[in-house]
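Letter by letter, the chains look like this.
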Amino acid sequence: MKLPTFLGLAAAAALCALAPAQDKPVVYRNARLWLGGKPPIENGVLVTAGGKILAVGGADTKAPDGATVVDCAGKTITPGLVDASFRAANNNDFNEQGDEITPHVRVLDTLDPDDRSFERARASGVTTVHVMPGTRNVIGGLGCVVKTWGADPKSMVLKEDASLRITMGSEPSQRNMAIRGGQVDSIYYRRPTTRMGVVWEARRAFYDAKEALQKSQGDPGAPPSAGIEVLTRVLKGQLTAVTTARSEQDLRTALRLAAEFGYKTILDDAQDAHVVLDELVATKSTVMLGAPSATVISGSAGGDGADPRSATVALLAQRGVPFVITTGSNLAALDLVREAMFAVRNGLSPTQALDAITVEPAKLLGIDQRTGSLAAGKDADFVVWSSDPLDPSAIAESVHVDGINVLALR
Amino acid sequence: MNMNLLPASLLTWAATCALVATAVAQDVVAVKGGKVLPVGAPAIDDGVVLIENGRIVKLGKASEVEIPWAAKVVDATGKTVMPTWVVAHSQAGQRGFNENMQNVPWLSVADAVDPSAIWFEDCLRNGVGTVHVLAGNQTLLGGLGMVVRPFGRTVEDMAVASNTGMKMSLFAAGGGRLQQIRKLRRALGDLRDYLADFDRRKAEFDKEKAAGAVGADKTWTEEIDRTKKAGVDLVQKKLKGWLYVPSFAEMDEAMRLTQDLDLQLVLGPNMDEAIAMLKRLAKPVVIDETIEYYETDEETQKETKHCPAKLLADAGIPFATSLAVGGPGSYPWWQIGTLMRNGVSRDKAIESLTTVPAKMLGLDAQVGSLAEGKLGNVQILTGDPLAATSWVETVILEGTIVYERKDDPRLQYLFQVEQDKAKKAAGPEQPAGNAPVPPKEGPKADAPKTEQPAGTGNPGEGK
Chain A
6 MKLPTFLGLA
16 AAAALCALAP
26 AQDKPVVYRN
36 ARLWLGGKPP
46 IENGVLVTAG
56 GKILAVGGAD
66 TKAPDGATVV
76 DCAGKTITPG
86 LVDASFRAAN
96 NNDFNEQGDE
106 ITPHVRVLDT
116 LDPDDRSFER
126 ARASGVTTVH
136 VMPGTRNVIG
146 GLGCVVKTWG
156 ADPKSMVLKE
166 DASLRITMGS
176 EPSQRNMAIR
186 GGQVDSIYYR
196 RPTTRMGVVW
206 EARRAFYDAK
216 EALQKSQGDP
226 GAPPSAGIEV
236 LTRVLKGQLT
246 AVTTARSEQD
256 LRTALRLAAE
266 FGYKTILDDA
276 QDAHVVLDEL
286 VATKSTVMLG
296 APSATVISGS
306 AGGDGADPRS
316 ATVALLAQRG
326 VPFVITTGSN
336 LAALDLVREA
346 MFAVRNGLSP
356 TQALDAITVE
366 PAKLLGIDQR
376 TGSLAAGKDA
386 DFVVWSSDPL
396 DPSAIAESVH
406 VDGINVLALR
Chain B
40 MNMNLLPASL
50 LTWAATCALV
60 ATAVAQDVVA
70 VKGGKVLPVG
80 APAIDDGVVL
90 IENGRIVKLG
100 KASEVEIPWA
110 AKVVDATGKT
120 VMPTWVVAHS
130 QAGQRGFNEN
140 MQNVPWLSVA
150 DAVDPSAIWF
160 EDCLRNGVGT
170 VHVLAGNQTL
180 LGGLGMVVRP
190 FGRTVEDMAV
200 ASNTGMKMSL
210 FAAGGGRLQQ
220 IRKLRRALGD
230 LRDYLADFDR
240 RKAEFDKEKA
250 AGAVGADKTW
260 TEEIDRTKKA
270 GVDLVQKKLK
280 GWLYVPSFAE
290 MDEAMRLTQD
300 LDLQLVLGPN
310 MDEAIAMLKR
320 LAKPVVIDET
330 IEYYETDEET
340 QKETKHCPAK
350 LLADAGIPFA
360 TSLAVGGPGS
370 YPWWQIGTLM
380 RNGVSRDKAI
390 ESLTTVPAKM
400 LGLDAQVGSL
410 AEGKLGNVQI
420 LTGDPLAATS
430 WVETVILEGT
440 IVYERKDDPR
450 LQYLFQVEQD
460 KAKKAAGPEQ
470 PAGNAPVPPK
480 EGPKADAPKT
490 EQPAGTGNPG
500 EGK
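Protein chains in written order, with the working numbering: chain A, 6 to 415; chain B, 40 to 502.
For the record, the hints were derived by calculation from the structure and aren't laboratory data.
Below, computed lysine-lysine pairings styled on DSSO-like, alpha-carbon distance capped at 30 Å: (1) B:Lys322 - B:Lys344; (2) A:Lys43 - A:Lys164; (3) B:Lys445 - B:Lys118; (4) B:Lys387 - B:Lys118; (5) B:Lys344 - A:Lys159; (6) A:Lys269 - A:Lys215; (7) B:Lys97 - B:Lys111; (8) B:Lys341 - A:Lys159; (9) B:Lys341 - A:Lys164.
Cβ pair distances, simulated, as ranges: (10) B:Leu450 - A:Ala78: 36 to 42 Å; (11) B:Ala354 - A:Asp104: 53 to 59 Å; (12) A:Asp104 - B:Arg225: 56 to 62 Å; (13) A:Ile192 - B:Lys445: 52 to 58 Å.
Quick caveat, the model's predicted, so the values are computed rather than measured.
Every residue, glycine too, gets a C-beta built ideally from N, C-alpha and C.
Turn these sequences into a full structure, and let the hints steer you where they fit.
Laid out in structure tokens, this is it:
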């Protein structure tokens, strides 16, 4: 009942029937293993069976009898990449334009498991993505965490309500027109029309939620509306707020709003993060950095008047601001692994860069028990790269979700 | 004379006089200690590239090359030394590269090249030393191109070769594809008609003169119309045409045109099916900056990735790679990496930005590889040219240092944020003459308030 699109398509997913059963143990030998959050193992061994990781270790790691052995000499194995802000490119109905404040709409209800963007993501080694509603609304709705492939659509879902997306800046007011008499003949005659209006819409929604929360403490009474219920979860710290904000001004506004209502927010895209480092440290905020490759010599790669700099990744690392690298909020983004590569070019260490697209986003999204690192008991989500994945010529030779090589399914 | 002053003064002189001076420069430059990748020849560890009068006079191991005492030594220890990249086809670096009128064979990019364009600066930053600039793709007969070095204050300073060929395009700008083909045929037909008429008239004149109908003192003075000269050269195969072919759909016409003209094909991305034709043509081609692209099957909605360059490489057709303006596609290492991800070998990928374009431009004796006798166009990188972590440290063009990363203000802007922040905290810069002055007349009470510099009294700012 909760997953109409996904369940509706379950029958159509005949693909899964063709998937080879991976119950038999498979041993990947002689590879360089990037575990995620730990130092890499040279000449390592990875053992998988039944869609799970059985063992990870050095060359002397024991393999079960009868296991299929795959020689990975010269290759690198990383955890399946996790994109904490992913744009499902072929699906445009991510903005519910019926209202500016739609905390209760769920992006999961519009996801198509056959979306081509999932296929592209898989081809580039991404096995788990966090998808959020679009940035056209002030409060866009609930994001979810899904794998980029599943034996059936339902099994792709790792987390139904993973986040609440809030957007600061000009996007929610863009194209909106003020009513100045005459005929109102477009849905764009509506609020907000300025940054002030955007913030007010968000503020009013949280006032309502706060009020509902106070009321419910005295007398349960009538339940609040669906939207308010979601916002109260954010206020109670049960749901993560993700605020998309690019320029310095919008970042400060996002932090101000969060402080005002006492919730914590992740900052998405945050192109001007380098300007508000002190504030990020003080508020212990996490940054979802969009596209480190998007810094240009001339003109600006920034959205909303932001001024992205190459130094940002290294500065965040230096100041101990937790961050992950993502692709979804910047249209110029390259494949996730290439964004990590550009982060290294810009001064981040390879370990930090790879962690920022594997274990760190998994932790941030609360799915690290399942995926994002190579360890016994976790899902067998991993990528075999032709060489060092941070090399511009590296390709994902095989990409495994729950042990199954999803590139071989095509 | 104080010897210490010599190199410094030479450098300042070089910086101000730009490359025009190198033609008469007598300086000797030795790039020493790096790993030399000459392209087309084996790598030399701890090598020396010795440049004299702008040309490479010696290339070899440090133990084998004697460095003259007066040489300016550039230490490249621990770094990689290789030729600067060569770009076979580019429309960047011009102020307006698509003329509104499509049929303008009499124009030349020399009148549009902007020496101060950031693209040329970017070229140096990326280790590009030779660029063939042509009119944009939205043209018919777009005028003449020129080869430049991306350094110099005037077009003359930058010129390496001029009148390098006529830009032609089958890109349907405005009209339909067939209309573009028809227009191009008509433009070439008109030129041929003009030439035939010119020749006929001249033959008639000669005939009449021979018959005595024209006075013996009269000679044929008419010249080819100056708006038609380049076009006439093109149809007479005296001038090369650089034909942009946007997609496979225009390949038939392109192949037809190659029979009548001396053409260099510049291919758009959608060229998978054209490989057999190109094999028949057996000539090197230029591919544009879109190296890989996705195509969706209309029936199945399945998406597949294509890379015609890989097919070209497999078919043994040499190709030159283009660079984008801005973004990852403007980095040679990224373009080469993209080729390699699609299965093109490292050597072929590197050649596509060095020796292949050099040959295409007829400059293979000058640029594209490091060899004795060639121009001293050298880039020094911090590491392997294809590693994402490598940066171009120094660029030397014809023996003159034209770029050094440590002096690159735009890179510093992107990388030195702290400095900036300190500046911001101190408030806006106030040059002596521009300080806000309260108005001399009128109500003084509220004026200074509005003129107060932003940032000084702003809470939360500049902590």
